[in-house]
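Number of protein chains: 2
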Amino acid sequence: MAASPFSFRLHRTDAGCRARSGTLQTPHGPVETPAFMPVGTQATVKGLVTPLLRQTGARMVLANTYHLALRPEVEVVQALGGLHRMMAWDGPILTDSGGFQVFSLRRLAEVSDQGVVFRSHIDGRLLTFSPERVVQIQRALGSDVAMVLDHVVQLPCEAELVRQACQRTVLWAQRSLQAAQQLRSDPPQTLFAIVQGGLDPELRVWCAEQLVALDFPGYAIGGLSVGETPDEMYAMLDVTCPVLPDDRPRYLMGVGRPENILQAIERGIDLFDCVMPTRNGRNALAFTDQGPVRLRNAIHRRDPRPLEADCDCLACRHSRGYLRHLFMAGEMLGPILLSIHNLTYYQRLVAGARAAIQQDHFAQFHAEKQARWCGSSGDSAVEQR
Amino acid sequence: MAASPFSFRLHRTDAGCRARSGTLQTPHGPVETPAFMPVGTQATVKGLVTPLLRQTGARMVLANTYHLALRPEVEVVQALGGLHRMMAWDGPILTDSGGFQVFSLRRLAEVSDQGVVFRSHIDGRLLTFSPERVVQIQRALGSDVAMVLDHVVQLPCEAELVRQACQRTVLWAQRSLQAAQQLRSDPPQTLFAIVQGGLDPELRVWCAEQLVALDFPGYAIGGLSVGETPDEMYAMLDVTCPVLPDDRPRYLMGVGRPENILQAIERGIDLFDCVMPTRNGRNALAFTDQGPVRLRNAIHRRDPRPLEADCDCLACRHSRGYLRHLFMAGEMLGPILLSIHNLTYYQRLVAGARAAIQQDHFAQFHAEKQARWCGSSGDSAVEQR
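In order, the protein sequences belong to chains A and B.
Residue numbers 1 to 385, in my numbering, belong to the letters of the first sequence in order.
Residue numbers 1 to 385, in my numbering, belong to the letters of the second sequence in order.
These are calculated hints, taken from the structure and not from any lab test.
Check before you lean on any hint, since a few could be wrong.
[Unchecked claim] Residues from chain A that face chain B, not an exhaustive set, calculated with beta carbons under 7 Å:
hint, residue
1, ALA79
2, ARG302
3, TYR322
4, ALA329
[To be verified] According to the in silico footprint, chain A covers these stretches of chain B (three or more CB under 8 Å from chain A):
hint, segment
5, 93 to 101
6, 244 to 250
7, 315 to 322
Backbone N, C-alpha and C define an ideal beta-carbon position, used for all residues, glycine too.
Please put together the full structure from these sequences, using the hints given.
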């Protein structure tokens, strides 16, 4: 049997904290971690042609199984040559299992150990996701990394329900692994498990231990960044990460603001995805080292400065005044340029983190970034998830 | 006195028709003619970052004085370093005078020989455009080519009103020229006149003769493509072009469909602008050599072929099925990619025309294109202007 085209190599753990740097090897090239994956829900990172997406520094992107299964539908993606060919993206792709979408966004009809029946938000028809079906769909989509179907609960939630959902998530993970092993491995794909457990430390540890016993190639932490405080989220990372094996990548799903990302890296997380850079960009909010900048604000009207003097992204070839004009005039180019800037900002942030870890300076890097952000207006009305 | 940074050199007139090839020299580089200018109404060609705009083959773009004077306002453009710097576009820019917008799109308060008073479509405030003011505004915007303020009438229109508007256009052209001469020439800018006269051949000839006597560096033909038939438009070109001097560029404003452009080139037009490639692109219509393709049509759902096999634009790296998916899913990338394709198509069309003229083959080139377009569904519901 040929060696797996997937591997994770841990290069270093920072001497001062749990921050790690590594390389996730995939059939579509390596991903240096900590890494941030832009979100391409419907097989497009909103507003970005793939050469510009690549130019932001992104190496791996996320697409959503739930959305793609509904539209254009799996058999269409297959007819069009799979996700990579469809998107004209030659880097690795991770597909979310749809668990988050099914349980949080849609009209749920029924959930049982068998799977989940829900209504399409597009045409109302009934659809079924089972652990096995979701693995098959992702294999058909052709992503590099597939995620297991998980049972996500809305927080706050009764303890017993959280526990049941967590047990079901473990059960489903096991079935997902078996389903994946029964499919042929062409194109090659790997499968990550998802730790659930709400805000219950014991449940998180239990869930992680159960999944680790199943020996997955990678582990995600899900069900966070859904309304809890940052400290509650960090507490869950503090208890969960130590249970996860050092030699497997750790992915914190759907997180987050720049400060959340550094806090999570400090706790040992390797992979991130979030809609924040693109969604906030579309809403005229730019991330900078001086904190968020709201471009609709009249203060920017005649400002000839770029968002950031040392940023080489396409948005920063323009003035803040021009970017504001684009938003005031309802021009598409505003959302496009700010998405580019924000994605570039996030990529620069994780690249800075990687470099700092290599020199055992992560805590210092983190503190410096935090100090600069806090020196700003400290606006917190950014949209998450 | 230094030589003008503007010149027009006529390379050749096709042996078989009036089609011409030439070079318009500007301070921001040369423009090979016949040329098509993408429309950047509000200082952005909708959805395109400037490197991608350049990649379509565009060399010169149009921006609208009317829109920019209202928003972000002239003094803001100046504070932001002028149009080129604001847009991060280093190629030549032509600004329309606002005549077309003032008379066709807005609530007109009053027009006299002095100028035109109108209400802003943004906040309803009263504004005045005079020939002199419009020259000053364009100088402040910093475009390479400015256009005179013209009095555009809506067709059909009473003959006497067309005549009066035409006389006023000549009067205003003279005052515009004087106003331009009184302004300092830094940055350098040239000024084109606009021939009006509705669908009256005698009036068109009279107007052209009057403007030619004023010795403008370039001449536009305006007030066409506003609802008349293509044949009526071509008839106006047939009578007007022969009056215009061979050694000055001729610009047909706001035209048009690919077939209109070839018909106009055959009659001696050098420059074009039109919203068709971008507006239709945003509405899921692609121009191809086989005629227009409507990507919302279900026939494209599983089609793995690109729009055009021999097109090297970014859209043609994707399948028709993917492009359809983007439009059905309401993704920004659909309008972006189709705008890129259509602009690339238009640039390839005029590049083909230039090459054909160099070999005295324009009529044949035109006939071949026409035959391919007519072999298609011949759909005519594309949006113009």
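Query raised in the report: If you take the shortest Cβ to Cβ gap from ALA329 (chain A) to chain B, is it below 7 Å?
Result: holds, 5 Å
Query - Given hint TYR322 (chain A) near chain B, where the shortest CB pair must fall under 7 Å - result: holds, 5 Å
Query - Coverage claim, chain A over the segment 93 to 101 of chain B, checked by counting residues with Cβ within 8 Å (three needed) - result: violated (count 0)
Requested in this report: Under 7 Å, Cβ to Cβ, is where ARG302 (chain A) needs to be relative to chain B, so tell me if that hint holds or is violated.
Outcome: holds, 4 Å
Query raised in the report: Against chain B, with CB atoms and a cut of 7 Å, does the hint on ALA79 (chain A) hold up?
Result: Holds - the Cβ of ALA79 (chain A) comes within 7 Å of chain B, reaching about 4 Å at its closest.
Report task. Go check the segment 315 to 322 of chain B versus chain A for me, would you? Three or more residues, Cβ under 8 Å, otherwise it fails. Result -> holds (count 5)
Query raised in the report: Has the segment 244 to 250 of chain B got at least three residues whose CB is nearer than 8 Å to a CB belonging to chain A?
Result: violated (count 0)
Going down the numbered hints, you'll see the structure goes against 5 and 6, while the others check out.
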